[in-house]
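Protein sequence lines, in the order shown, are assigned to chains A and B. The first sequence finishes on residue 114 if you use this note's numbering, and the numbering steps up by one all the way, no holes. The second sequence finishes on residue 1115 if you use this note's numbering, and the numbering steps up by one all the way, no holes.
Do not take every clue at face value.
[As the list claims (entries may be wrong)] Distance condition first, Cα-Cα at most 27 Å in a straight line; then the derived BS3-like pairs of lysine-lysine:
1. B/Lys1058 with A/Lys78
2. B/Lys1107 with A/Lys78
3. A/Lys100 with B/Lys1058
[Stated by the list, open to error] Some but not every residue of chain B turned toward chain A, in silico, with C-beta under 10 Å:
4. Val1004
5. Phe1034
6. Gly1043
7. Gln1045
8. Thr1051
9. Ala1053
10. Ala1099
11. Thr1101
12. Gly1106
13. Gly1108
14. Thr1110
These are calculated hints, taken from the structure and not from any lab test. C-beta: ideal position from N, C-alpha, C; glycine also.
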Amino acid sequence: EPEVTQTPSHQVTQMGQEVILRCVPISNHLYFYWYRQILGQKVEFLVSFYNNEISEKSEIFDDQFSVERPDGSNFTLKIRSTKLEDSAMYFCASSAGGAKNIQYFGAGTRLSVL
Amino acid sequence: AQSVTQLDSHVSVSEGTPVLLRCNYSSSYSPSLFWYVQHPNKGLQLLLKYTSAATLVKGINGFEAEFKKSETSFHLTKPSAHMSDAAEYFCVVSDQDQAGTALIFGKGTTLSVSS
Chain A
1 EPEVTQTPSH QVTQMGQEVI LRCVPISNHL YFYWYRQILG QKVEFLVSFY NNEISEKSEI
61 FDDQFSVERP DGSNFTLKIR STKLEDSAMY FCASSAGGAK NIQYFGAGTR LSVL
Chain B
1001 AQSVTQLDSH VSVSEGTPVL LRCNYSSSYS PSLFWYVQHP NKGLQLLLKY TSAATLVKGI
1061 NGFEAEFKKS ETSFHLTKPS AHMSDAAEYF CVVSDQDQAG TALIFGKGTT LSVSS
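Using the sequences and the accompanying hints, generate a full structural model.
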């Protein structure tokens, strides 16, 4: 069964450093998403991406965040200058498109900012 | 703005007994409602989805949920729990059944199943 894969499973970085989280969505999917979950809090939507453009973003997704689909298979989330409060589990998701919003999620990357 | 409230952070049941995980939603629109499950070190897996067809929705692994508009509820049930059902369960709402739309998650309910 096709699945969304995320790498690495755990990323440790120093405050102020740039970090890139990587995702390989399901191959025929057209929409891509990032969510995050700070420990003890809800899973929160960050951004959705379609046709090489951001289609929707939340207030959390400020200028320190960016997304990119650098090739036909990867979808990345870049955090330019990490803060302690960026420590969270980051989930990537993808969906096929059309009138059904069924999103398939990866196992997540745990980001620890020290 | 839409939101979901999962009424229990932790539910414990014995194997073979019924499971009830409670969820209330708030939405300005006719919502799409989902239940997702997360087993340790696994991705979030879709259990079932409601989109204004039948109010009783059947999902995978014997789970089902009933949409009750008058109560703004979407509780998840299973007649008989298995040990493998132990996981984190998320109630989720979306204001449109359209790809690209954000999903809004509840805080999650941890289900423990004892033998």
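Consistency of the hints with the structure:
1. At most 27 Å may separate the alpha-carbon atoms for a hinted pair to count; B/Lys1058 and A/Lys78 exceed this at roughly 38 Å.
2. Simply put, B/Lys1107 and A/Lys78 have alpha-carbon atoms about 26 Å apart, close enough for the 27 Å limit, and the pair holds.
3. In summary, the hint linking A/Lys100 to B/Lys1058 is supported, as the alpha carbons are separated by about 17 Å, within the 27 Å threshold.
4. Here the hint on B/Val1004 is kept, as its CB sits about 9 Å from the closest CB of chain A, short of 10 Å.
5. Taken as an interface hint, B/Phe1034 checks out: its beta carbon lies about 8 Å from the nearest beta carbon of chain A, inside 10 Å.
6. For the restraint placing B/Gly1043 at the interface with chain A, the shortest Cβ-Cβ distance is roughly 4 Å, inside the 10 Å limit, so the hint holds.
7. The closest approach between the C-beta of B/Gln1045 and any C-beta of chain A is roughly 8 Å, which is under the 10 Å cut-off, so the hint is satisfied.
8. Nearest Cβ of chain A to the Cβ of B/Thr1051: about 8 Å, under the 10 Å cut. The hint holds.
9. With 10 Å as the threshold, the beta carbon of B/Ala1053 stays out of range of chain A, its nearest partner Cβ sitting at about 12 Å, so the hint is violated.
10. Against a cut-off of 10 Å between C-beta atoms, the interface hint on B/Ala1099 holds, since the closest Cβ of chain A lies about 4 Å away.
11. Of the supplied interface hints, the one on B/Thr1101 holds, with its beta-carbon coming within about 5 Å of a beta-carbon of chain A, less than 10 Å.
12. Because the beta carbon of B/Gly1106 sits about 7 Å from the nearest beta carbon in chain A, less than 10 Å, this interface hint is met.
13. The beta carbon of B/Gly1108 comes within 8 Å of a beta carbon in chain A, closer than 10 Å, and the hint placing it at the interface holds.
14. Interface hint at B/Thr1110: violated, since its Cβ lies 12 Å from the closest Cβ of chain A, which is beyond the 10 Å cut-off.
Violated hints for the displayed structure, listed by number in ascending order: 1, 9, 14.
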